[in-house]
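**Q** Given next are the chains, with one letter for each unit.
Number of protein chains: 4
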Amino acid sequence: MHGYVDDKDALLKRLRRAEGQVRGIQRMIEEDTYCIDVLTQISAVTKALETVALTMLDDHLSHCVAEATREGGPVAEEKLREANAAIARLVRS
Amino acid sequence: MHGYVDDKDALLKRLRRAEGQVRGIQRMIEEDTYCIDVLTQISAVTKALETVALTMLDDHLSHCVAEATREGGPVAEEKLREANAAIARLVRS
Amino acid sequence: MHGYVDDKDALLKRLRRAEGQVRGIQRMIEEDTYCIDVLTQISAVTKALETVALTMLDDHLSHCVAEATREGGPVAEEKLREANAAIARLVRS
Amino acid sequence: MHGYVDDKDALLKRLRRAEGQVRGIQRMIEEDTYCIDVLTQISAVTKALETVALTMLDDHLSHCVAEATREGGPVAEEKLREANAAIARLVRS
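Residue numbers (the working numbering), protein chains in the order written: chain A, 1 to 93; chain B, 1 to 93; chain C, 1 to 93; chain D, 1 to 93.
Careful, some of the hints might be misleading.
Given that identical chains are not distinguished, each listed pair holds provided it fits within a single copy or across any two copies.
The list that follows gives simulated cross-link-like pairs (lysine to aspartate or glutamate, EDC-like), each with its CA atoms no further than 20 Å apart [as the list claims (entries may be wrong)]:
1. K8 to E30
2. K47 to E19
3. K13 to E30
4. K8 to D37
5. K13 to D58
6. K8 to D32
7. K8 to E71
Just so you know, these hints were derived from the structure itself, not from any lab.
Given these sequences and hints, build the entire structure.
**A** Written as structure tokens, this is what we have:
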């Protein structure tokens, strides 16, 4: 079980909505909706996905990384390395 | 007709893929996939949506804003104001 | 003369402040200030630099790109290409 | 002493360079340099500051947060809360 188990339903709910938003953007483009309105929707769904990612990262640091830190050793170091790489990808995406 | 008409098929194709990626992320969470792997997928779909947004912005500036600029007057100013607001949202999302 | 000529003083004022903020971050590190407080300052100066960039981009689109667009031809295309590349760098930095 | 003590010299060196880059951007504006060239420099210094922030965050998670986690209790929770808030600021700046 992973850190996000307690947030699972909320994460899935938010992702289903994001999926619907991406479908909605497709419809806007099919219906030749004005560019700025489409761009506004894309920024909204990007922000929603960032919120999902930040929630998952929070859970991961508080559970998986924290547990490994208490055990110590190479497992802890690898968990921290992975977490920092994930944070960098998020900051740069 | 809007600036993105020539890129419509490519944009729709990329958005369908992004929709599938968001669905895939839901499946990963339902199947208790390791947090870092889910985070990697979220960064990937966020980056894909940014690419769609940058393509649309490029088309918008090159067509809608350019046309309004040639006509001049308040329409052109409004188009530039809108475009700059959309760019700011993208930079900050 | 470039698009930002009217905003020159405000841009220079904001950049002098950003320079001071970066110097302040150095002092915080030299004085072993708590990491989170240093990170808060780094986010603040990054945001300030983004604001300077968005102002310059706004001026550039409204003047340099708009002028070239009215003239039309390859100069206009190059100006749009450059502007879109600058926007992409901003979105991805 | 904080987590970044081992990276102090490298961080200070990078920040001095960033300070010089911000001064350089001021000179570019004073000398009416072309907007796109100024924007390129702003993206470069923003990226450099992000790298400094990611290094500090890495050190903070590996030392300050890890130590608190081993001790457990409310101190650990507060450290994680702070770290997650700093990550969110970085992602959104």
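**Q** Compare the structure with each hint and give your call.
**A** Against the structure, the hints come out as follows:
1. K8 to E30: This pair counts as between: shortest inter-copy Cα distance 8 Å, intra-copy 33 Å.
2. K47 to E19: Both, since 13 Å and 15 Å are each at most 20 Å.
3. K13 to E30: between (26 Å within a copy, 11 Å between copies)
4. K8 to D37: between (31 Å within a copy, 15 Å between copies)
5. K13 to D58: For K13 and D58, only the intra-copy Cα distance (18 Å) is at most 20 Å; the inter-copy one is 31 Å.
6. K8 to D32: between (36 Å within a copy, 9 Å between copies)
7. K8 to E71: Classified as neither; 26 Å inside a copy, 28 Å across copies.
Consistency note: the structure conflicts with earlier hint 7 alone.
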